[in-house]
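2 protein chains.
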Amino acid sequence: MNARLKAEIICTGSELLGGKLNLYVPLFYERLAPLGFAITREQSCGDGLEDIASCMRGALSRADLVLVCGGLGPTFDDLTRAAAARVLGRSIYHSKECEGILRERYGARVRLPNLKDQCRLVAGAKYIRNDNGTAFGELLRKGRKLMVLLPGPRLEWEPMFGQCLNAEIKAAFPGAPAVASVKFKIAGLWEPQAEALLRPVMKKFPTAAYTILAGPYTVEFIAAAPAGSGLTEKIKAAAVKILADRIYGFEDETLASAVGKKLSAAGKTAATAESCTGGLVSELLTSVPGSSAYLQGGAVAYSDAAKIKLLGVRSATLKKYGAVSMQSAREMALGARKLFKSDYALSVTGIAGPDGGTAAKPVGLVFFALAGKKGVRVFRRQFFKTRAYIRACAANFILDELRKII
Amino acid sequence: MNARLKAEIICTGSELLGGKLNLYVPLFYERLAPLGFAITREQSCGDGLEDIASCMRGALSRADLVLVCGGLGPTFDDLTRAAAARVLGRSIYHSKECEGILRERYGARVRLPNLKDQCRLVAGAKYIRNDNGTAFGELLRKGRKLMVLLPGPRLEWEPMFGQCLNAEIKAAFPGAPAVASVKFKIAGLWEPQAEALLRPVMKKFPTAAYTILAGPYTVEFIAAAPAGSGLTEKIKAAAVKILADRIYGFEDETLASAVGKKLSAAGKTAATAESCTGGLVSELLTSVPGSSAYLQGGAVAYSDAAKIKLLGVRSATLKKYGAVSMQSAREMALGARKLFKSDYALSVTGIAGPDGGTAAKPVGLVFFALAGKKGVRVFRRQFFKTRAYIRACAANFILDELRKII
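Protein sequence lines correspond, in order, to chains A and B.
Quick note on numbering: the first sequence equals residues -6 to 399 in my numbering.
Quick note on numbering: the second sequence equals residues -6 to 399 in my numbering.
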């Protein structure tokens, strides 16, 4: 992956530092990765001229391609053009050609100061048409490097890529190698365990770039390599051999969608009985479009009364073992299978915390059961961290177990 | 607001440059603004040692406070600690104190290489306890500047602010002009409506800084002003007068916690019957610790059979009006109230999409009912955008209606 060209992103606008999410970086990644670029840094800065200029200087010193987004409007705080001129040591001029384009679209209104200001370009710039706004994009060469100025609104810059920007970037970097990637979705391993298992793969194919992301009871492992090198295919084969059934899918697969696919393929249905996860498992299952075809329903049985009445858990069981027990989990799953007349039923009962833990049954202790035609299996697991994290781990655990028995 | 100190954020992790949204900057903003800081730059960089180090060098040259998030884990790509040591010209040592803390929590497992590595600190660092993970945070002074190293997962770094980080930052910058802020949690308005209603308030108090964040069926409105100026109190009074009952809470209140507070105060209980939200409403309600005191249970009645069997919806109703109808919503809520013997019961049935819409019942159409002692109220709403967004809007809508009738 060393051969990839480097791109840096600069996003201007104080709102990005004042509470607003920056949604653009993944969008730029989607567009630049297939052109052979790795994004190596992103900077968000305010609207000040020297702020923007210092981001540009740094980025131009490190990267081959610099994308600057925002600050091309006609108002007082739009200083990206001036910052680029300062950094490149160039002047700004009024482009007759740009004025002609705006004149064609807006007629005499182009004489308005705001519109006239939009016809200014940095000396040596190649302009990029903007069919959805008045700010032109600008392509600026500096030696073998390229800096691109784009207007801030996505509606304005997004069409520019297809119209000409992809072609301009390709033309500016004729040797750029495209990149292919593969994302493994893994359950049942914590991050260090996944890394230990995958280390031989990373050692065997050291030229690829690797990322490991930890989630609740899940891990994502991403490998990227030059397209056409066959490397991602080899990595995929090697990782599948090691991780086997721990991989529940690739790319955008979720545990719920993987369960859904297997249920659909087998023509089977499922139901849920949840206590401590409070509906999270069924919420995840139904987040998949079309899940009504295989999810019969779910019972959130938070109280003992609900466990008895809805799911037929015996009050003797609750009395003897407690609601958080192997035995209650077992009866909950059997009850849900009967109630919803489903092929499979799962149950979750535990202590999500932060209160309610005891020495014998600490916060994070969760019992599960899976009921099917062949009987019922029970599980006991101890999770850690916060209420939300414990619930997420519990939901993912039982979805993964369901996936494996279908 | 000009005298504010400068803070810069550095987020490490190649995933942030490889397609993953950076959700953290607004969260850091929320925490640093009340302490008197303006965020003046944010940088996201990869996992490389020199990448991280160069971000740190730049940030330390410009800002008073530098927050570095991520890269403190025990795996090969966790190099933030090493980068900080390089930039500050310091060594890294094994902290007996940190080992003691981990030993108390994990016992003999601390001898594992992964855990042992987590006890390393940059020389001169003050460690920050991490109750939700194994990576310690680190406070590093450089002259009058402060660099803070935080673990990447939000679940780990978020509690650190309340536990000690706020106090440590305040102590490090005793002269910082404190900023007071108030966050309004609003339901039932879209962002432009909220902005239009609040414009007179912003005009009347122009020296405060304002932020509006849009959520599904909800809006957050944040006003910040110098502490002790009395401005936020005045803004609060003015906004409450305008928005009245549309404000469901302040600061960290959620719709579910607001519902929970009202139920607890009234000594009442609730139950849910969900179709298109698939358990989301009960998941939200049970995400609040202690919710078992007032949530009796929930039925996820995805299939017609479940609606009939669990909730007693008449098959004649389903046949005549369909599952997505005023009438079915009504019977679902009445059935849930009876089944769970709760004071209140809510129901949700709609078309979450992306498929299943018709001209008469398009994607996003949702019917609701609220049953109580005095009878049942029904609602019909049309939402838009994606399946997840429609479900989130529907859940928030009915939680808000429940809140208002308790």
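Calculated from the structure, these hints are not laboratory results.
Worth double-checking, as some hints may not be accurate.
[Stated by the list, open to error] A few chain B residues that face chain A, going by a derived Cβ cut-off under 10 Å, partial list only:
| hint | residue |
| --- | --- |
| 1 | Gly290 |
| 2 | Gly349 |
| 3 | Thr351 |
Beta carbons are placed, not taken as given, at the ideal position from N, Cα and C, and that holds for glycine.
The hints, checked one at a time:
no.	hint	result
1	Gly290	4 Å, holds
2	Gly349	8 Å, holds
3	Thr351	15 Å, violated
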